[in-house]
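A.B. asks: Using the sequences plus the hints, can you model the full thing?
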Amino acid sequence: MALRLLTPRSLHPGAWWAWAIGCAVVASRTTNPAILGLLISVVFLTVILRRGSAPWAMAFRLYVYLACFIVTIRILLRIVFSAQGPTVLFHLPTLTLPGILDSVRLFGPVSAEALLGAGISALQLAAMVVAIGAANALANPKRLLAAVPGALYEWGTVVVIALSIFPQLAESFGRVRRARQLRAETGKGAHLIKNVAMPVLSDGLDRSLVLAAAMDSRGYGRSMAVSVFSRRLTSVLLVVSSLALCVGAYGLLDTGFTPLWMGVPMVVFGLVAGLVGLRLSGRRVVRSRYRPDTMLAAEWLVLGSGVAACVGILILGIFQPMVAFPPVSPLGWPDVSILAIGTIVVLLLPAFMSPPAETPSTRVVENPHKSVGFLGADTQNGGFGLHHGENWGENPSISVTQHHNAMVLRGFSPLGVNSGEICVRGNDDSL
Amino acid sequence: MNQIHNPVPLEWKSALMLTILTVAGLAMFSWPLLIPVRVEDGMVSTSPFIFIAILPLLVFLVLAQISEKGMDAKALAILGVLSAINAALRPLGAGTGGIETVFFLLILAGRVFGPGFGFVLGCTSLFASALLTAGVGPWMPFQMLASAWIGMGAGLLPNSIFGRMIRGKWEILMLVIYGIFTAYFFGMIMNLWFWPYLIGPSMVGTTELAYIPGGSLIDNLRRFLVFSLITSTAVWDTGRAITNSVLLVLVGLPVLAAFRRTVRRAAFNPEITFEVTP
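Protein chains in written order, with our numbering: chain A, 7 to 437; chain B, 341 to 618.
FYI, nobody ran anything at the bench for these hints, they're computed from the structure. All figures in this text were calculated on a predicted structure; none of them were measured in a lab. Just so it is clear, CB atoms sit at the ideal spot from N, CA and C, and this is done for glycine as well. You may find that some hints are simply not true.
[To be verified] Pair by pair, the computed Cβ-Cβ distance ranges are: (1) P498(B) with R237(A): 31 to 37 angstroms; (2) L112(A) with L374(B): 45 to 51 angstroms; (3) K509(B) with T78(A): 24 to 30 angstroms; (4) P155(A) with E615(B): 38 to 44 angstroms; (5) R507(B) with V270(A): 52 to 58 angstroms; (6) L561(B) with I344(A): 34 to 40 angstroms; (7) K200(A) with R507(B): 16 to 22 angstroms.
C.D. replies: Encoded structure:
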């Protein structure tokens with residue numbers, strides 16, 4: 007069982023997002039620098055232990071840079087724009103801006119309390135940014151698209167086309183460049199726009215029409231017939247729910263002037279109406295899914311740790327406010343309680359209790375250009391159902407790779423759209 | 341505009357929802373000026389974070405309404421290709437002196453393909469580029485909506501004035517003016533919603549650039565303008581305005597021609613009629 011829980015695979019992206027949002031909520035509900043520091047280290051550890059080697063996993067460092075930038079800029083801004091307080095650390099000369107900005111005073115005495123206050127609130131933001139970066143690094147963005155509801159099916163298709171065509175642009179650019187070399191064109195500067203950028207753009211636009219014809223002939227973008235009444239009801243629900251959400255958002259703001267019914271009840275009403283509207287609107291789209299994302303034990307564990315940490319930090323805020331929100335002045339070390347540590351430890355569980363990411367130890371079957379054969383889901387025999395030997399012609403755009411216990415066959419249509427990825431898993435439970 | 345030339349037609353219901361979204365979205369962007377939130381222990385209340393949840397929902401509802409009748413596959417394919425190009429252009433300028441290469445294509449596409457297309461392209465290209473660069477975060481819905489407005493606005497620019505079609509260099513001039521306006525608009529509005537958190541709230545009278553919770557509209561607006569001028573308008577937004585103008589002047593005409601050619605070839609949403617031949 008333990009072995010199965012830790013078999014490398016990529017988790018449902020929703021689980022990692024729930025965990026990361028849990029981390030962000032914890033960061034937003036405490037100003038204790040010790041808790042924030044622990045939280046940031048937990049996020050780092052989890053990312054290091056559980057991320058794969060995909061390009062999106064490598065973007066984590068950008069979020070770390072952003073977090074460092076936020077901390078630096080807030081402390082610097084605090085020093086520049088007056089950091090007065092009881093415990094003065096050092097003095098800087100005071101500057102007054104000229105002209106219409108003469109009410110602005112820069113620099114002056116710098117106090118420890120001001121720096122600490124700025125640093126802690128920056129640390130909160132930094133922790134949230136790092137948590138979001140962790141979700142981006144851990145969750146597969148393409149599987150996130152599979153969770154798009156039916157009502158947004160068309161727009162999901164657009165994003166899938168964009169993501170699949172993206173590598174094609176580089177190829178298109180290469181062809182234009184080769185053509186220029188053949189013609190011995192050496193123009194630079196503005197010529198590059200006319201001779202390189204425009205052909206790539208026109209090529210892309212022309213290809214999109216070819217792609218549309220291919221999609222039309224395969225029935226993409228077509229919708230089921232839906233009764234007039236159902237369509238009217240959908241529109242009414244969508245309009246009503248967006249109005250209710252706007253009113254509810256205003257009611258939820260902590261202004262102290264809004265009546266109670268404008269807050270939570272209005273948002274809940276808007277949410278329900280919106281979800282029903284989206285569901286109704288999605289009925290016109292019929293999709294088949296051959297590789298659904300399922301929520302298994304590991305997913306629930308990751309998701310649960312995020313939820314549990316949210317609950318923990320809320321309880322901490324109610325019962326031990328001095329731990330959750332320690333005062334900046336007078337200066338002193340922040341207190342830490344068992345409950346606070348427990349909240350952070352819960353967030354650490356996924357780092358050790360969830361399956362690690364799949365490593366790209368994919369092995370290309372020797373000479374994929376030729377030996378790709380007939381594909382049949384031969385799951386009854388527990389086999390991979392992929393028979394080599396039959397020749398699909400000299401199509402170099404079909405490749406067979408092996409992911410641990412699963413064969414993956416990827417086919418690329420000449421249009422460059424990933425026309426299908428078929429994954430056949432073995433039946434053997436021990437794997 | 342002829343139906344055949346409009347890949348993403350907007351029915352009156354979609355237009356109504358877009359209006360609601362625009363009014364509500366503007367209010368959510370500029371909440372620091374409009375809404376007096378409470379301050380707890382010197383921290384601005386985090387209750388405006390509710391917008392981070394509500395705004396994407398509203399955008400989704402509007403998108404669902406726009407595609408309610410089903411979409412032309414040609415519109416989807418062109419949207420996909422242009423989103424990919426936009427997503428490829430975006431990292432080109434990122435981080436170098438405010439050079440922002442996203443908007444000029446958005447403006448040109450919105451101009452040719454219409455406001456509905458411009459709105460959707462703004463959403464999808466920012467979303468695709470966020471997925472490609474792993475840039476998904478609370479700022480994404482705000483970026484999506486702001487660039488969707490830019491694309492939609494370009495589609496709403498007048499096609500003719502005093503009965504004369506605006507084409508050629510006058511069209512480019514109009515788009516350059518619009519590009520400069522949107523550069524500053526985007527910078528300001530993206531600063532505005534996050535301003536109280538970036539700089540921290542003001543203890544009364546200490547920080548001249550900080551948000552005063554519950555302060556008067558004029559006072560907070562003045563503080564915000566000073567903050568924005570010092571931190572971003574002078575460098576980032578001006579860089580963005582220059583990039584927009586230069587790119588529009590350099591490639592505007594050929595790109596417009598390529599788009600118009602595509603529109604003619606595509607013939608979106610064709611009316612299908614059956615006739616009995618005698």
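A.B. asks: Evaluate each hint against the coordinates.
C.D. replies: Going through the hints against the structure:
1. P498(B) with R237(A): 31 to 37 angstroms: The hinted range 31 to 37 angstroms holds for P498(B) and R237(A), with Cβ atoms some 33 angstroms apart.
2. L112(A) with L374(B): 45 to 51 angstroms: Given about 29 angstroms between the Cβ atoms, the range is violated.
3. K509(B) with T78(A): 24 to 30 angstroms: violated, 46 angstroms
4. P155(A) with E615(B): 38 to 44 angstroms: holds, 39 angstroms
5. R507(B) with V270(A): 52 to 58 angstroms: Given a distance of about 53 angstroms, which is inside 52 to 58 angstroms, the answer is holds.
6. L561(B) with I344(A): 34 to 40 angstroms: violated, 48 angstroms
7. K200(A) with R507(B): 16 to 22 angstroms: At roughly 20 angstroms between Cβ atoms, R507(B) and K200(A) fall inside 16 to 22 angstroms, so the hint holds.
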